[in-house]
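Heads up: the protein sequence lines correspond to chains R and C, in order.
Under the numbering used here, think of the first position of the first sequence as 222, with each following residue one higher.
Under the numbering used here, think of the first position of the second sequence as 3, with each following residue one higher.
No wet-lab data here; the hints were simulated from the structure.
What you are looking at is a predicted structure, and each value in this text was computed from that prediction instead of being measured.
Some hints here could point you the wrong way.
The list that follows gives simulated cross-link-like pairs (lysine-lysine, BS3-like), each with its CA atoms no further than 30 angstroms apart [claimed, not checked]:
1. Lys-235(R) with Lys-12(C)
2. Lys-12(C) with Lys-398(R)
3. Lys-215(C) with Lys-357(R)
4. Lys-215(C) with Lys-161(C)
5. Lys-357(R) with Lys-12(C)
6. Lys-390(R) with Lys-328(R)
7. Lys-215(C) with Lys-296(R)
8. Lys-226(R) with Lys-357(R)
9. Lys-328(R) with Lys-296(R)
10. Lys-390(R) with Lys-444(R)
11. Lys-328(R) with Lys-161(C)
12. Lys-430(R) with Lys-80(C)
13. Lys-226(R) with Lys-328(R)
14. Lys-296(R) with Lys-458(R)
15. Lys-12(C) with Lys-390(R)
16. Lys-458(R) with Lys-12(C)
17. Lys-235(R) with Lys-328(R)
18. Lys-390(R) with Lys-430(R)
19. Lys-12(C) with Lys-215(C)
20. Lys-390(R) with Lys-235(R)
21. Lys-398(R) with Lys-357(R)
22. Lys-296(R) with Lys-444(R)
23. Lys-296(R) with Lys-12(C)
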Amino acid sequence: MIEVKGLVKTYGTKRAVDGVSFTVRPGDILGFLGPNGAGKSTTMKMITGFIRPDAGTATVAGIDVAQDPVAVKAKIGYLPESAPAYGEMTVVEFLRFIAEVRGFRAKAAREERVERAIARTHLDPVRRQTIETLSKGYKQRVGFAQALLHEPPCLVLDEPTDGLDPNQKNEVRSLIKTMAQDRAVILSTHILEEVEAICTRIILISQGKVVVDETPAAFRARKPGARLDEIFRSLTKGDI
Amino acid sequence: MSSQITPVFKREFLGYFRSPVAYVFLIVFLVASVGLAFFIGGFFRGNQASLESFFVFHPWLYLFLIPAAAMRLWAEEKRGGTVELLFTLPLTTRDAVLGKFFAAWLFLVLGLALTVPMAATVGWLGDPDWGVIVSGYLGSALLAGASLAVCILLSALTKNQVIAFVLGVLALLVLVFLGWSVFNQLLASFLPVAAVDFIANLGFIPHFDALAKGIIDPRDLAYFGSVIALALALNIAALER
């Protein structure tokens, strides 16, 4: 579903992403791990067509992002880091805008999509509030609602549980799990239990390179008895 | 016209009215444009049934007002991170640029339309040439569009709205000055007439003045059209960089 081959991105003299390759199939929840600055967000931005890679290709549902970015964007639901949204709009106004850009122009279809997204992410109590007045947890949910609205075959979520309280984290995880059936999901995080709780595969990226690509069970088996963050630390030493 | 322009246009245009900025802007525009015509331009004293003393100040008024209306258009998206949201939605950079431009332009034309009572007053007190007034409004709308296109482009170069504003004022200052008669006379003291004419024609004022006087010359329309098209093309290039 999502196929990434040899992606490279250089900022100035720093190679942020250095030949990253992997594949995500429908039903996969890929946990994208790595220290801050390892290149997780940059890789996601290249998959979603926000920035252009210096080399390599990313294809989504067989379409190359560089060839037809608009078609790829239509297939992806993307939650950027810290869930940016237009603060002066209310939740409903914002989701209507997203629905219209996503091609749901007829009022009935648009409202149906918006209502379904609101119900799914439990945004009903704040639907008429402007987004800038919402708490962090609600803002994150608005970002989710926006990403799910068109029921995309691929979801790309950049730190979806960052800054949420434990209850909200739990809720977001179960939401991701229900969404993941027959979809390809990539999520980045640095919370290791999260990966174990929901991911079917782990990719660990360090200094722009993939250092691990395996199942959570295999990852844990690298050092039986050790805590996950010890394994994480020993694999990403070079990043400090 | 791609249908993807419409949602961006709608969001952006209505966006002006989601904050007090729109009302502040419209009031300042009305007070300043009418005030300049009355108190500096001698709109009443001139005793002429025309809006010439009203339109003559527009290039100078737009010098400050249009950078203020345009500065947030890209700078705010960049600062707030929504630019990442916008450009991962299924639309092209061109759709987004055109949607924003037309929304802001319509907003400015709305401000201009609110001055129609000025024209009505002239019509009630005297017997104006309506063709000249319509042509003046057309000229002012085109001048606003060209100034706006330049300022949106500058807004795309920074995430700081203040910088976008200052760059906008500077760029418009250059475009106004190039065609300002006082500046042109200064140039004529050491440059040949043909060179001065060429420089003056790059500026806004000669093209705007012709329209404000009721002369609708396709070359003036083409001038404003070219400024708009060039600035928008550069805007797309700057965002895709």
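(request) Decide if the proposed pair is consistent with the structure: Lys-12(C) and Lys-398(R), CA atoms, cutoff 30 angstroms inclusive. (result) Violated, because 35 angstroms separates the two Cα atoms, which is more than 30 angstroms.
(message) Checking one constraint from the list: CA of Lys-296(R) to CA of Lys-458(R), max 30 angstroms. Satisfied?
(response) violated (36 angstroms)
(message) Holds or violated: Lys-296(R) and Lys-444(R), Cα atoms, limit 30 angstroms.
(response) violated (38 angstroms)
(request) Take a quick look at whether Lys-390(R) and Lys-328(R) sit within 30 angstroms of each other, Cα to Cα. (result) This hinted pair is violated, its Cα atoms lying about 33 angstroms apart.
(message) Does Lys-12(C) sit within 30 angstroms of Lys-458(R), going by the straight-line distance between their CA atoms?
(response) Violated: Lys-458(R) and Lys-12(C) sit about 50 angstroms apart, past 30 angstroms.
(message) Tell me if the straight-line CA distance from Lys-390(R) to Lys-444(R) falls inside 30 angstroms.
(response) Measuring from Cα to Cα gives roughly 27 angstroms; hence the hint holds.
(message) Can you confirm whether the C-alpha distance between Lys-215(C) and Lys-357(R) stays at or below 30 angstroms?
(response) Violated, at about 57 angstroms.
(request) Decide if the proposed pair is consistent with the structure: Lys-430(R) and Lys-80(C), CA atoms, cutoff 30 angstroms inclusive. (result) Given that 30 angstroms is the threshold and the Cα spacing comes to 28 angstroms, the pair holds.
(message) Given the hinted pair Lys-357(R) and Lys-12(C), is their Cα-Cα distance within 30 angstroms?
(response) Since the Cα atoms of Lys-357(R) and Lys-12(C) sit roughly 27 angstroms apart, the hinted pair holds (cutoff 30 angstroms).
(request) Assess, step by step, whether the Cα of Lys-235(R) is no farther than 30 angstroms from the Cα of Lys-328(R), and give holds or violated. (result) Given pair Lys-235(R), Lys-328(R) is violated - Cα atoms ~48 angstroms apart, limit 30 angstroms.
(message) Would the hint linking Lys-215(C) and Lys-296(R) be met if the CA-CA limit is 30 angstroms?
(response) violated (54 angstroms)
(request) Assess, step by step, whether the Cα of Lys-12(C) is no farther than 30 angstroms from the Cα of Lys-215(C), and give holds or violated. (result) violated (34 angstroms)
Checked against the numbered hints listed earlier, the structure breaks hints 1, 2, 3, 4, 6, 7, 8, 11, 13, 14, 15, 16, 17, 19, 20 and 22; every other hint is satisfied.
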